[in-house]
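There are 2 protein chains.
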Amino acid sequence: MNEKKGAILILSGPSGCGKSTLLKEVYKDIADYYFSISTTTRDPRVGEKDGVDYFFVTKEEFEKDIENGDFLEYAKVHDNYYGTSLKPIKKALEDEKLVIFDIDVQGHEIVRKKLDSIVTSVFITTPSLKVLESRLNSRNTDSKEIIEKRIKNAKGEVEYFQNYDYLIINDNLEIAAKQLVCIANIARIKSKLFDKSKIISTWLEN
Amino acid sequence: MNEKKGAILILSGPSGCGKSTLLKEVYKDIADYYFSISTTTRDPRVGEKDGVDYFFVTKEEFEKDIENGDFLEYAKVHDNYYGTSLKPIKKALEDEKLVIFDIDVQGHEIVRKKLDSIVTSVFITTPSLKVLESRLNSRNTDSKEIIEKRIKNAKGEVEYFQNYDYLIINDNLEIAAKQLVCIANIARIKSKLFDKSKIISTWLEN
Chain A
1 MNEKKGAILI
11 LSGPSGCGKS
21 TLLKEVYKDI
31 ADYYFSISTT
41 TRDPRVGEKD
51 GVDYFFVTKE
61 EFEKDIENGD
71 FLEYAKVHDN
81 YYGTSLKPIK
91 KALEDEKLVI
101 FDIDVQGHEI
111 VRKKLDSIVT
121 SVFITTPSLK
131 VLESRLNSRN
141 TDSKEIIEKR
151 IKNAKGEVEY
161 FQNYDYLIIN
171 DNLEIAAKQL
181 VCIANIARIK
191 SKLFDKSKII
201 STWLEN
Chain B
1 MNEKKGAILI
11 LSGPSGCGKS
21 TLLKEVYKDI
31 ADYYFSISTT
41 TRDPRVGEKD
51 GVDYFFVTKE
61 EFEKDIENGD
71 FLEYAKVHDN
81 YYGTSLKPIK
91 KALEDEKLVI
101 FDIDVQGHEI
111 VRKKLDSIVT
121 SVFITTPSLK
131 VLESRLNSRN
141 TDSKEIIEKR
151 IKNAKGEVEY
161 FQNYDYLIIN
171 DNLEIAAKQL
181 VCIANIARIK
191 SKLFDKSKII
201 STWLEN
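Residue numbers (UniProt numbering), protein chains in the order written: chain A, 1 to 206; chain B, 1 to 206.
Hints were generated in silico from the structure; no laboratory data involved. Since we're looking at a predicted model, the values are computed, not measured. It cannot be assumed that every hint is accurate.
As the list claims (entries may be wrong) - Covered, in the sense of this in silico footprint (three residues per stretch, anywhere, with C-beta under 8 Å from a C-beta of chain A), are these stretches of chain B:
hint: 1; stretch: 29 to 43
hint: 2; stretch: 122 to 129
hint: 3; stretch: 183 to 192
We put the beta carbon where it would ideally sit given N, CA and C, even for glycine.
Could you build all of it, start to finish, from the sequences and the hints given here?
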């Protein structure tokens, strides 16, 4: 009866909600995952590495991949493209991994529609908009203009949290990390992940 | 933004799936719960206590309560009534507790329909029908006739697992317990539990 297949965990939340810090905190406690690296046309921030934080490509390269149907999802945010290449995801799911996505609300809508039965999703946010603003200002990696764009975007994104399975208010790192580890560890036992007719016939015959 | 309210965790699974043992194992690790005690007209099994395992009542008393609308859900299984009284559940939800139900697939359908946004549900089962039969035979609490009825019932119940959020195959007590604790601990952060318009206005203004 232990029919296994891969599952998908989608994390979204405004820039500055503490998603990256949270992820670094929980990786050691999540079994057998594959972290999906997004492709983007935006410039790398200080300290970001190609192939680690993102695959950084030109606008021309990105648009060619769109034409070839190589993206599971993609979107234009803050005048830049962000997308998820299809091939590594397929491979990871075949290898029965938990595929973790850090994508925005638009990406979530698309992946949910395409792969609903294997998706668990979490919206991560700060306790308030003021906390978000102060975090964005204190990290000193973006210009004033970019911060303003991120805040405007965050105001729009928060509208979408009820389309997600879970809401984590990232106020206390320890609590948020425990919640995220729990969600990751049970993402594989969602009942929709199991093939009904196969499960039932196997269960009855064994 | 930490708007709190109660949540419901429904556990179902055939008699003999190990649900009771599993529950005893995990209670210490679940915060602030209220275990809903069902009311039944069936005879107590060896060791069962009134007000602990069930509220044991007569058929006449049960039918009077049905007439008075005192049940959240009830059903007739194996020629006996089983039901959930409404009042203690309302009180526990107001007290922001996690209300845990051990009810059958019919009860799950009804509670889900009535209280969908606050429900998380888990179907617990043995690895196979043979394992279930051997567990029922080895516990020596029921007659042959009752065991046969339970098995017949289990064959029907397994059809319903995909209406549940999670499927736990209770093969290894330690693993199953960890999964159940995780589900219980995140049942309170289901995004549907949060009042959307309230959350958004509070988030924007603070």
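Do the hints match the structure? See the list:
1. A count of 0 residues in the stretch 29 to 43 of chain B with a Cβ less than 8 Å from any Cβ of chain A is obtained; the coverage claim is therefore unmet, three being the minimum.
2. Counting residues of the stretch 122 to 129 of chain B whose C-beta lies closer than 8 Å to any C-beta of chain A gives 5; at least three are required, and the coverage claim holds.
3. Coverage of the stretch 183 to 192 of chain B by chain A holds. Counting CB-CB distances below 8 Å, 7 residues qualify, and the rule asks for three or more.
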